[in-house]
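Novice: Each chain, written out:
There are 2 protein chains.
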Amino acid sequence: MKRKKLPFSKEQINIITENYPTPFHIYEEKGMVEYAEKFNNAFSWNQGFKEYYAIKAAPNPYLMKILRNLDFGIDCSSLTELVFAEKMGMSGAEIMFTSNDTTAAEFQKAIELGAIINLDDISHIDFLEKQAGLPELVCFRYNPGALKDGNIIIGNPEDSKYGFTREQLFDGYKILKEKGVKRFGIHTMVASNELDPDYFVETAEIIFELIAELSEKLDISFEFANLGGGIGIPYKSEHKQVDLEYMSKGIKNLYNKIITGNGLKPLKLFFESGRAITGPFGYLVSTVLHIKETYKKYIGLDASMHNLMRPALYGAYHHITVLGKEGKDCNQLYDVTGSLCENNDKFAINRLLPETKPGDLVVIHDAGAHGHSMGFNYNGKLRSAELLLRKNGEVVQIRRAETIEDHFATLDFNALPDFEV
Amino acid sequence: MKRKKLPFSKEQINIITENYPTPFHIYEEKGMVEYAEKFNNAFSWNQGFKEYYAIKAAPNPYLMKILRNLDFGIDCSSLTELVFAEKMGMSGAEIMFTSNDTTAAEFQKAIELGAIINLDDISHIDFLEKQAGLPELVCFRYNPGALKDGNIIIGNPEDSKYGFTREQLFDGYKILKEKGVKRFGIHTMVASNELDPDYFVETAEIIFELIAELSEKLDISFEFANLGGGIGIPYKSEHKQVDLEYMSKGIKNLYNKIITGNGLKPLKLFFESGRAITGPFGYLVSTVLHIKETYKKYIGLDASMHNLMRPALYGAYHHITVLGKEGKDCNQLYDVTGSLCENNDKFAINRLLPETKPGDLVVIHDAGAHGHSMGFNYNGKLRSAELLLRKNGEVVQIRRAETIEDHFATLDFNALPDFEV
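Which chain is which? The protein sequence lines are L and V, in order.
The first sequence begins at 1 in the numbering used here and counts up by one.
The second sequence begins at 1 in the numbering used here and counts up by one.
Just chain L, same shape as in the assembly:
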């Protein structure tokens, strides 16, 4: 598919850099809101449909406020993310707590906030009961194992640490029922960054059939099915965006057949997408520091893998635009690097780009999810600022850059003279 036009020009970025030096992440409100609305609209046939934004993708309160205004909930996976939700003023069914290998403190905070609790393991029923008490509504995460193929990023479900087996689901809901739990949900998530819409339709079929069977055998009813996240985005130009209308229609047909057809109670559908919601609407903007020619040609940026780990961590492709040179021939072969003493610190290897010079502005696309949030401080690198391009064209800072003082906050240099060696 044709790559969408950048929401900003070189001239606009030049003005922005007067106040905010590169590198920075910039998010585009308009695109994000339009996509989020499209998602909601695609599933408007389902009463109670809710998208829980996977906050790990871009844990920024300003982005979350925009999404919340579109009726999005928040998908949290840790104590810190629950506290983030709390600081946003969120509570109850606005929060889905999907964790694994969970601590007592995490369950206690989730219960305190009234979050929907999604258990990852059958042993967590007792653990939760003991540590925080069982809530009225409980959800289990299902791992279909060999029933379902995974994909490259998440691997095969039977090798994945997440979720209950099928047998454990039957045992688990039975235990919940005996313990007086009255309301039930079910969740699965077996892929990440998946572009085939049929994949999500098949996942819904597995879940709906399981709900029908569980409901009948255990005489319980389900309030919701969380179909997970995992909706991919077209990182490469040849990728096709997941067709939400097509996917929704496929899921609706199965819903009518399996849920309505079996006389089951209406089921709310939830998703917990992160990547699809903010990924394509965030850009990493960087300045070329150096061009280097040795055995290969290198573009050296002022951004490094600490701003975007995906290329180094997963070998992931991210499209790159040299601002103001969009019309030029891409006839130069470059490795695009950062400045870490870590040989993986490359945004692209053997990428054809127009001839590039120090001072050029470079945009790395699709950095709006798992970008800033995965950044580390290796080599003493400081994480950069996050900006938001508002619908009215205004640019606001929604996270300041880290300072050296932030970086040294956990170290006590003052006590060093008293440390005898």
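By construction, these hints were calculated from the structure, which means they are not laboratory data.
There could be a bad hint or two in this list.
With a Cα cut of at most 27 Å, we get these calculated DSSO-like pairs of lysine-lysine [what the hints assert, rightly or not]:
| hint | chain 1 | residue 1 | chain 2 | residue 2 |
| --- | --- | --- | --- | --- |
| 1 | V | Lys268 | V | Lys179 |
| 2 | L | Lys236 | L | Lys297 |
| 3 | V | Lys249 | V | Lys236 |
| 4 | L | Lys30 | L | Lys391 |
| 5 | V | Lys357 | V | Lys297 |
| 6 | L | Lys265 | L | Lys217 |
| 7 | L | Lys297 | V | Lys297 |
| 8 | V | Lys236 | V | Lys297 |
| 9 | L | Lys357 | V | Lys179 |
| 10 | L | Lys130 | V | Lys217 |
| 11 | L | Lys265 | L | Lys297 |
| 12 | L | Lys268 | L | Lys257 |
| 13 | L | Lys391 | L | Lys2 |
| 14 | V | Lys182 | V | Lys217 |
| 15 | L | Lys179 | V | Lys357 |
| 16 | V | Lys174 | L | Lys296 |
| 17 | L | Lys130 | V | Lys296 |
| 18 | L | Lys236 | L | Lys5 |
| 19 | L | Lys174 | V | Lys296 |
| 20 | L | Lys357 | V | Lys236 |
| 21 | V | Lys130 | L | Lys297 |
| 22 | L | Lys174 | V | Lys357 |
| 23 | L | Lys252 | L | Lys217 |
| 24 | V | Lys179 | V | Lys4 |
| 25 | V | Lys236 | L | Lys174 |
| 26 | L | Lys130 | V | Lys4 |
| 27 | V | Lys174 | L | Lys357 |
| 28 | V | Lys130 | L | Lys296 |
Estimated spans, in silico, between C-beta atoms of each pair [said to hold, decoys possible]:
| hint | chain 1 | residue 1 | chain 2 | residue 2 | range |
| --- | --- | --- | --- | --- | --- |
| 29 | L | Phe419 | V | Gly327 | 35 to 41 Å |
| 30 | V | Glu112 | L | Asp196 | 37 to 43 Å |
| 31 | V | Asp418 | L | Asp196 | 41 to 47 Å |
| 32 | L | Gly315 | V | Arg3 | 28 to 34 Å |
| 33 | L | Lys4 | V | Gln108 | 39 to 45 Å |
| 34 | L | Glu86 | V | Asn392 | 21 to 27 Å |
| 35 | V | Leu70 | L | Ser9 | 27 to 33 Å |
| 36 | V | Phe413 | L | Leu352 | 53 to 59 Å |
| 37 | V | Glu326 | L | Lys4 | 53 to 59 Å |
All of these numbers come straight from a predicted model, not from anything done at the bench.
Heads up, the beta-carbon is just placed ideally off N, CA and C, and yes, glycines get one too.
We have chain L; now place chain V onto it with these hints.
Specialist: Same frame as chain L, now just chain V:
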């Protein structure tokens, strides 16, 4: 080789956890000091020998103070690391600044501190001169390209972003000389985590021969050769520690033959090891939160990949001990996981260990380099504390754990109500 005995018992760790909850990194001063002294002793034949600790491996001022007391310098690669050195009170030839894709501010700080400047690229001569002025002493980083094979972690030198080609070295030193630079150094680093001692001897041979040729052709003399880091450590029991005496002897023979034999001025040898110096003497200590049985058996720790990225990032092996069960049969097959919503969050896959229960203390070995320092905050995970087991048996905290407040420091939640959506 037989794995060295842990420097602490289960009982000692139990006492430590009364003050410092798991997970934490604990470093062992005794082992670290003994190894550092062994390194210095192996090269005592070389007048001016100096090991520059690659601070990225474990950027802790207390560890650096111990090493500095053993005459170690500091190898810095970024502005933050230079500021770290400054806060330690280090300056001049105590600091080697080996960067790449360098900013003006970094060169300015390095010059301000009087650090030895190691240039990564021929274009940096002009850049440094313009931005900070040329110092009296300049070093170049050599990338031997196809002359030398790399290894798995660093890849092939000709695909690596670092250093000058051979031709560029001849041009570069000539330019330096013309610009009035009087003192010269040379550096190379073509492997990481290498266990073959002959590899370092061969590297020395390449560098010594190059020095002889450069000295003759350009009529300059070299003060030092920095042979880089890259000395591996025996992560696996079948690995053999690099024999420093053997390596030093091989390098000495070549030194006598090529440097002394050609009537060249005495050459100081430098190394910039990180991993070898602290890696084996740091341990990640964690508590088992959950045992999970689905398609596989899982040990769920309270540590996650944010405490030690190497298994997830490189598929690296780290030995694991269940404290107090060292004598038991390793007859249970486990995946050892953390709690991130990230399927790579595993410390070990299909590892045979003794039967393990919630509450057991687990030690992950060789976490003293590229452990804490590579940690990120993905999923809102907070980086843990660093402790030091002193030679006298005392345990001191040398870095406090991150708090949720640290984590949110760059976000302004207070301005959120005024943010209109």
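Novice: Take the hints in turn and mark each one as holding or not.
Specialist: To see whether the hints hold, each was checked on the structure:
{"no.": "1", "hint": "V:Lys268 x V:Lys179", "verdict": "24 Å, holds"}
{"no.": "2", "hint": "L:Lys236 x L:Lys297", "verdict": "23 Å, holds"}
{"no.": "3", "hint": "V:Lys249 x V:Lys236", "verdict": "26 Å, holds"}
{"no.": "4", "hint": "L:Lys30 x L:Lys391", "verdict": "5 Å, holds"}
{"no.": "5", "hint": "V:Lys357 x V:Lys297", "verdict": "12 Å, holds"}
{"no.": "6", "hint": "L:Lys265 x L:Lys217", "verdict": "15 Å, holds"}
{"no.": "7", "hint": "L:Lys297 x V:Lys297", "verdict": "47 Å, violated"}
{"no.": "8", "hint": "V:Lys236 x V:Lys297", "verdict": "23 Å, holds"}
{"no.": "9", "hint": "L:Lys357 x V:Lys179", "verdict": "25 Å, holds"}
{"no.": "10", "hint": "L:Lys130 x V:Lys217", "verdict": "78 Å, violated"}
{"no.": "11", "hint": "L:Lys265 x L:Lys297", "verdict": "62 Å, violated"}
{"no.": "12", "hint": "L:Lys268 x L:Lys257", "verdict": "15 Å, holds"}
{"no.": "13", "hint": "L:Lys391 x L:Lys2", "verdict": "23 Å, holds"}
{"no.": "14", "hint": "V:Lys182 x V:Lys217", "verdict": "16 Å, holds"}
{"no.": "15", "hint": "L:Lys179 x V:Lys357", "verdict": "25 Å, holds"}
{"no.": "16", "hint": "V:Lys174 x L:Lys296", "verdict": "23 Å, holds"}
{"no.": "17", "hint": "L:Lys130 x V:Lys296", "verdict": "25 Å, holds"}
{"no.": "18", "hint": "L:Lys236 x L:Lys5", "verdict": "14 Å, holds"}
{"no.": "19", "hint": "L:Lys174 x V:Lys296", "verdict": "23 Å, holds"}
{"no.": "20", "hint": "L:Lys357 x V:Lys236", "verdict": "45 Å, violated"}
{"no.": "21", "hint": "V:Lys130 x L:Lys297", "verdict": "23 Å, holds"}
{"no.": "22", "hint": "L:Lys174 x V:Lys357", "verdict": "25 Å, holds"}
{"no.": "23", "hint": "L:Lys252 x L:Lys217", "verdict": "24 Å, holds"}
{"no.": "24", "hint": "V:Lys179 x V:Lys4", "verdict": "52 Å, violated"}
{"no.": "25", "hint": "V:Lys236 x L:Lys174", "verdict": "45 Å, violated"}
{"no.": "26", "hint": "L:Lys130 x V:Lys4", "verdict": "40 Å, violated"}
{"no.": "27", "hint": "V:Lys174 x L:Lys357", "verdict": "25 Å, holds"}
{"no.": "28", "hint": "V:Lys130 x L:Lys296", "verdict": "25 Å, holds"}
{"no.": "29", "hint": "L:Phe419 x V:Gly327: 35 to 41 Å", "verdict": "37 Å, holds"}
{"no.": "30", "hint": "V:Glu112 x L:Asp196: 37 to 43 Å", "verdict": "56 Å, violated"}
{"no.": "31", "hint": "V:Asp418 x L:Asp196: 41 to 47 Å", "verdict": "42 Å, holds"}
{"no.": "32", "hint": "L:Gly315 x V:Arg3: 28 to 34 Å", "verdict": "33 Å, holds"}
{"no.": "33", "hint": "L:Lys4 x V:Gln108: 39 to 45 Å", "verdict": "40 Å, holds"}
{"no.": "34", "hint": "L:Glu86 x V:Asn392: 21 to 27 Å", "verdict": "44 Å, violated"}
{"no.": "35", "hint": "V:Leu70 x L:Ser9: 27 to 33 Å", "verdict": "56 Å, violated"}
{"no.": "36", "hint": "V:Phe413 x L:Leu352: 53 to 59 Å", "verdict": "43 Å, violated"}
{"no.": "37", "hint": "V:Glu326 x L:Lys4: 53 to 59 Å", "verdict": "58 Å, holds"}
Of the hints listed earlier, those the structure fails to meet are numbers 7, 10, 11, 20, 24, 25, 26, 30, 34, 35, 36, in rising order.
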